[in-house]
Every structure is written in C-alpha cells, then in structure tokens.
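Engineer: Per the working numbering, the sequence shown starts with residue 54, numbered consecutively.
Because the hints were derived from the structure by calculation, they are not lab data.
Only a predicted model underlies this, so the values are computations on that prediction, with no experimental measurement involved.
Beta carbons are placed, not taken as given, at the ideal position from N, Cα and C, and that holds for glycine.
20 Å max Cα-Cα, derived DMTMM-like pairs, lysine to aspartate or glutamate: (1) K154 x E95; (2) K154 x D92; (3) K152 x D92; (4) K152 x E95.
Restraint ranges, calculated between C-beta atoms of paired labels, are given here: (5) Q79 x G153: 16 to 22 Å; (6) T55 x V78: 31 to 37 Å; (7) F84 x L132: 39 to 45 Å; (8) E108 x I88: 15 to 21 Å; (9) L122 x R83: 41 to 47 Å; (10) T155 x D92: 19 to 25 Å.
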Amino acid sequence: MTLYVSGFYCALTTLLALFLSARVVQLRARFKVGIGNGDHPEIYIARRAHGNLLENAPLGLLLLAMAELDGLHAGWLHLFGTVLLVSRLLHAIGLTQGKGKTNIGRLLGVLGTWGVMVALAVVNLVLFLEA
Numbered sequence: 054m055t056l057y058v059s060g061f062y063c064a065l066t067t068l069l070a071l072f073l074s075a076r077v078v079q080l081r082a083r084f085k086v087g088i089g090n091g092d093h094p095e096i097y098i099a100r101r102a103h104g105n106l107l108e109n110a111p112l113g114l115l116l117l118a119m120a121e122l123d124g125l126h127a128g129w130l131h132l133f134g135t136v137l138l139v140s141r142l143l144h145a146i147g148l149t150q151g152k153g154k155t156n157i158g159r160l161l162g163v164l165g166t167w168g169v170m171v172a173l174a175v176v177n178l179v180l181f182l183e184a
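All chains, please: the whole structure from these sequences, using the hints.
Structural biologist: See the structure below:
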C-alpha cells in the first residue's frame with residue numbers, strides 16, 4: 054500500500070509551514086528581533102499562525118495517512134485533504150489579516166480543521182471495526 058494522496062497533502066502543508074515560518078523570519082529581521090516577539094504584535098501573530106498550523110495539521114495528516122493505509126477511496130482522501138489544507142490556509146490568513154481578532158477566516162479554518170479531524174477519526178474507527 055502506498056501513501057501517494059497523503060504524501061501530496063503532507064507536501065503542500067509543508068510548503069505552507071515553510072511560508073509561515075519565513076514570514077516570522079522576515080518580521081524578526083525587519084524589527085531586529087533575534088528571538089521571541091520583541092513586543093511586536095506582528096511577530097506574535099505570525100508566530101501563532103505558524104504555531105497553530107504545526108499544532109493542528111500533523112494530527113489531521115496522520116489520520117489521513119491511516120485512512121489511506123486502511124484503503125479509504127482516493128476521492129474521500131482528496132476531499133478530506135483539500136478541506137484540511139484550505140482550512141489551515143483560511144485560519145492563517147484570518148489570524149494574520151484580522152490582527153489576532155476573531156473573524157470569519159479563523160472561524161471557518163477552525164471548524165473545517167476540527168470537522169475533518171472528527172470525520173477522519175470516525176472513518177478510522179469504522180475501518181478498524183470492519184477489519
């Protein structure tokens with residue numbers, strides 16, 4: 054069994070993580086901050102956008118990979134992977150553009166991420182029970 058679909062979404066999520074990390078580096082260079090935030094809210098928000106991705110995406114991607122290994126149809130895998138990736142992107146954009154305030158991007162990002170994680174957890178439990 055291969056993990057082509059999960060690998061695809063892992064690769065795209067990695068690119069998003071690298072982009073968000075580069076944003077933190079860019080802001081630290083602009084404000085001449087070596088570590089931490091240096092009392093600059095822009096850096097704090099950029100760090101949270103990056104950190105939140107790293108806190109949530111790995112579990113979703115792991116659940117996606119487990120479902121793929123258990124034989125879930127590629128169409129479902131792409132649906133879950135796309136929603137997860139778009140949700141993480143919406144959250145990062147919402148957090149950054151909203152300057153840390155609650156907004157529709159963050160809300161949709163969180164709900165989409167949690168929805169995919171709950172759905173994939175249930176899928177994996179069902180696949181286990183059917184095995």
